[in-house]
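Peer 1: Chain by chain, the residues run as shown.
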Amino acid sequence: MTKPKVGFYGLTGCAGCQLSVLFSEDEIVSVLGLIDIVSFPFIREKNIDQHFDICIVEGLVADKHDLETLKKLRENSSILVAIGACAHTGNVPAYRHYTLKENYQHLLYEKKEGIQDIDPTPLDSWVKVDYTIPGCPPDKREIMNFIKALLLGKEPLTYSSPVCVECRRNNNLCLLEEGKLCLGPITRGGCNSVCTNGSFECWGCRGQTDDANIPAFVALLQEKGFKREEILKRMREFVGLKLPESTMVFFNGNNNA
Amino acid sequence: MATYTVRKLDLRSLLQKIMQSSELIAPVKTDLVRFQVVEDPHDICLTEQSFYPVKEFIFRKHEVLVSFNGKKVITPVLEPKERVIFGLRRCDLNAIMHQDKALIEVDVNYRAQRQNLTLIGYHCNEAPSQYCFCGTLELKDFYDMMFFDRGDEFIVDVATENGSRIIGKYPEFFRKSNHKVTEADKKIKNADRLFKTDISKLYDHPDWQKGVDKCLSCAACTSLCPTCYCFEIKDEVSIHDTKKVDRVREWSSCQLKGFSRVAGNHVFRDNRKERFKHRIYHQLDYFKKRYGINMCVGCGRCITACPTRIDFVDIINGMK
Amino acid sequence: MQEAVLENKYVPKPAKIKEYHRESPDNFSITLDIKFKHDPGQFVQISIPGIGESPISICSYSGENLRLNIREVGNVTKALGKMKKGDPVFIRGPYGRGYPMQLLKGNDVVIIGGGCGVAPLRGIIEYIEHHRQDYGKVYLFLGFRSPDDILFKREMDHWKIKYNLNLSVDQLPPGTCFDGKVEFITKLVEATQLTNQNKVVFLCGPPKMMDIASGILMKKGFHEDQIFVSAERLMYCAEGICCHCMIHEKFCCKDGPVFRYDELKGYKND
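Those sequence lines, one after another, are chains A, B and C. Numbering that gives the first Met the number 0 puts the first residue of the first sequence at 0, with every later residue one more than the last. Numbering that gives the first Met the number 0 puts the first residue of the second sequence at 0, with every later residue one more than the last. Numbering that gives the first Met the number 0 puts the first residue of the third sequence at 0, with every later residue one more than the last.
Among these hints, one or two may not hold up.
[Said to hold, decoys possible] Heads up, incomplete: computed chain B residues facing chain C, CB under 7 Å, no partners named:
no.: 1; residue: L64
no.: 2; residue: V65
no.: 3; residue: A101
no.: 4; residue: L102
no.: 5; residue: V105
no.: 6; residue: C229
no.: 7; residue: V236
no.: 8; residue: V261
no.: 9; residue: Y285
no.: 10; residue: K288
[What the hints assert, rightly or not] On the chain B side, residues computed to face chain C include the following (Cβ under 10 Å):
no.: 11; residue: F67
no.: 12; residue: N108
no.: 13; residue: R110
no.: 14; residue: V244
no.: 15; residue: R246
no.: 16; residue: R248
no.: 17; residue: S251
no.: 18; residue: C253
no.: 19; residue: F267
no.: 20; residue: H277
These are calculated hints, taken from the structure and not from any lab test. Note that CB positions come from ideal geometry on N, CA and C, so glycine has one too.
Could you build all of it, start to finish, from the sequences and the hints given here?
Peer 2: This is the structure:
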């Protein structure tokens, strides 16, 4: 079996997703036996970027340079994978879409550094994305499972159950009961409930499940004393531009409830 | 078989002794009460119902069913160790009995977990939670030993050889008693809450919607249910050697959409209402049709743990 | 209760692909080098380590080399589709309740199948071939999406001679040749003069097609207990414990996959 040629790249982002790949200490050496990492600019100088069987891209498009890089990577890749919440949803940077420009205009690098700003957008706003590994940062087991699935010719599993499933399986105390604004019930899991295991409430970085009961969930949070604006803000924070239409309609539809 | 008494102040010493030859599992209180392997008998909590059930110690969350190394099939060797579970409520014990009915004659892994296992109950005098409803569910006596709390002492009913063995091993803690355990001893106050135990004709009742509207499909109910035993099977490939594969079982939940999704993406129970009703009906109707007994044991954990507190007992009681 | 030895039911038997035949662009048949007794309509769990297991109905006759007809829809079936003669697979089974052929002796047989639903029905045809004297007339109604999708083309000529064969395709793409009807198979069922006298019906196909076909049969005076359907569900254990295949209280893997129509009445969507 010839090893697939794989590239790891980062656009605008914190490099945390690339670190997640590297932090899989126990597996990474074995992974190198299965794939041929031809390019990984984050950790090494010499890279070959002519052709990738699989190209795994972190971060989002926030300036002209990002866009050019992304388009070139797409052209050179058989399979393009968006890794992490930025590449997947736009994540926190995309929150800019929900505020007025005058609130942040003075902060833009444009004037200072000559960077040509683009409104922060996830990868699939610009190019075709074949697969997505969600999360901020993604779970390292999921990264390994993804690589294994592609190698075995399997369709990589997209985890569709809510975070609560893993959180309960980890025998945690429910943070909603603690009065925390936890988005576990409406957020797709696969993260092994890493945040709630440490008593930190879920902020929904992996995106909403396709089965979220938003009216019931918002009613519950309101009963617990949270305001609608607060709930919507939390829901938007990490899912960036991927908040489902139905959720938007719910919040816009009856503002006075 | 026989009845004994144990002084309450001797309980910890007894358990300490048991721990010397067996693994001891009992409800332990930290932020919540959970069944855990006991390190210090002082941690054991008998004043509350355990939030998480004992299920995971018998029906494991993740278990290798069979392994492969290339074309070679490897059957896992199961070596059950001596274990004692203490502090099981009547509902917890019946839950084990119900899982036995479904699994013990079929599933070799489950059966191994049930071997060398001694079940010691702690009987409720009163419902430990406001959501308990075991009273009308006709629970059975299913234990090796049962501890009835009588203030300064326990009355201990020994029902099996397994139970007698403990008496024989630690006779210094047990005093023979003439007390005969009666129905009055087994009565649990404030646990009669479900007044309709036959729901077979209520499937199309509009009131189910009350529960469905509040259901987040988060599957807390099935995770915390001491009887729910649904599982899925998947292949885990070693990254270090892709020829090595474990075919594993993991818990799953009928409340999730993916539960009935077949290749090609058709979901048979796509609708939240059908999924919600499926759980209740499996618990209070379907299981009975197959095994002659309700699966549900009335522990109320699915209500205690439900973020929106869907009380299906109230919903059923209210159905005209 | 705990001393008796229980075998591990998840351990599969190794088998090899003896013959591979592509039936249509997304469907193929494989014959394996293992044989065992089974009823028509029963199924096996076929697996490839690392990819997973998949339940597939048996379409060969009991005791002959196991033959399976498979549509490539999921991970396992797609991986099997890429295999060739001599490749290893793993099998456990047979599982489930098949068609009660013994009890139905003396009847005329009406077989209505759509798409890959024809696969388990082929098992019945094989069974009747071996017990021809036990059954009366045999009517086959087999529908496919297009001429390309027709399964068992090798067998079809033979069936045409021996039985009353009605073959249809839903659509005829421009430039293709086909000498059967271009219509939903249910239309052909509707157009026949069949009465319910001494007949049993075996029905398998997409849920919607089964709904329509059974509706038509009821109108023609067939009783619910004359119709047998084969159900499809997600299955893992095939032993009646994992609960994924439940249709109300029925376990598709144990009580089915073959059900008499009245056994599932009103359960279609749950």
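Peer 1: Evaluate each hint against the coordinates.
Peer 2: Comparing the hints with the structure gives:
1. Annotation: interface hint on L64/B holds; nearest CB of chain C at approximately 4 Å, less than 7 Å.
2. Annotation: interface hint on V65/B holds; nearest CB of chain C at approximately 5 Å, less than 7 Å.
3. Given hint, A101/B at the interface with chain C, holds; its Cβ is 6 Å from that chain's nearest Cβ, closer than 7 Å.
4. Checking L102/B against chain C by beta carbon gives a least distance of about 6 Å; that is within 7 Å, so the hint holds.
5. This hint holds: V105/B has a C-beta 5 Å from the nearest C-beta of chain C, less than the 7 Å allowed.
6. The closest approach between the C-beta of C229/B and any C-beta of chain C is roughly 4 Å, which is under the 7 Å cut-off, so the hint is satisfied.
7. Using the Cβ-Cβ criterion of 7 Å, the hint placing V236/B at the interface with chain C is satisfied: the shortest such distance is roughly 5 Å.
8. Checking V261/B against chain C: minimum C-beta separation of about 5 Å stays under 7 Å; hint holds.
9. Against a cut-off of 7 Å between C-beta atoms, the interface hint on Y285/B holds, since the closest Cβ of chain C lies about 4 Å away.
10. Taken as an interface hint, K288/B checks out: its beta carbon lies about 5 Å from the nearest beta carbon of chain C, inside 7 Å.
11. The beta carbon of F67/B is positioned within 10 Å of a beta carbon in chain C (closest approach about 4 Å), and the interface hint is therefore held.
12. Checking N108/B against chain C: minimum C-beta separation of about 8 Å stays under 10 Å; hint holds.
13. Taking 10 Å as the C-beta contact cut-off toward chain C, the hint placing R110/B at the interface holds, the least distance being around 6 Å.
14. Among the interface hints, the one on V244/B holds; its C-beta lies about 4 Å from the nearest C-beta in chain C, closer than the 10 Å criterion.
15. Because the closest C-beta pair between R246/B and chain C is about 7 Å apart, less than 10 Å, the hint holds.
16. Taken as an interface hint, R248/B checks out: its beta carbon lies about 8 Å from the nearest beta carbon of chain C, inside 10 Å.
17. Among the interface hints, the one on S251/B holds; its C-beta lies about 7 Å from the nearest C-beta in chain C, closer than the 10 Å criterion.
18. A hinted interface residue such as C253/B counts as satisfied when its beta carbon comes closer than 10 Å to some beta carbon of chain C; here the least separation is about 7 Å, so the hint holds.
19. Among the interface hints, the one on F267/B holds; its C-beta lies about 6 Å from the nearest C-beta in chain C, closer than the 10 Å criterion.
20. Checking H277/B against chain C: minimum C-beta separation of about 7 Å stays under 10 Å; hint holds.
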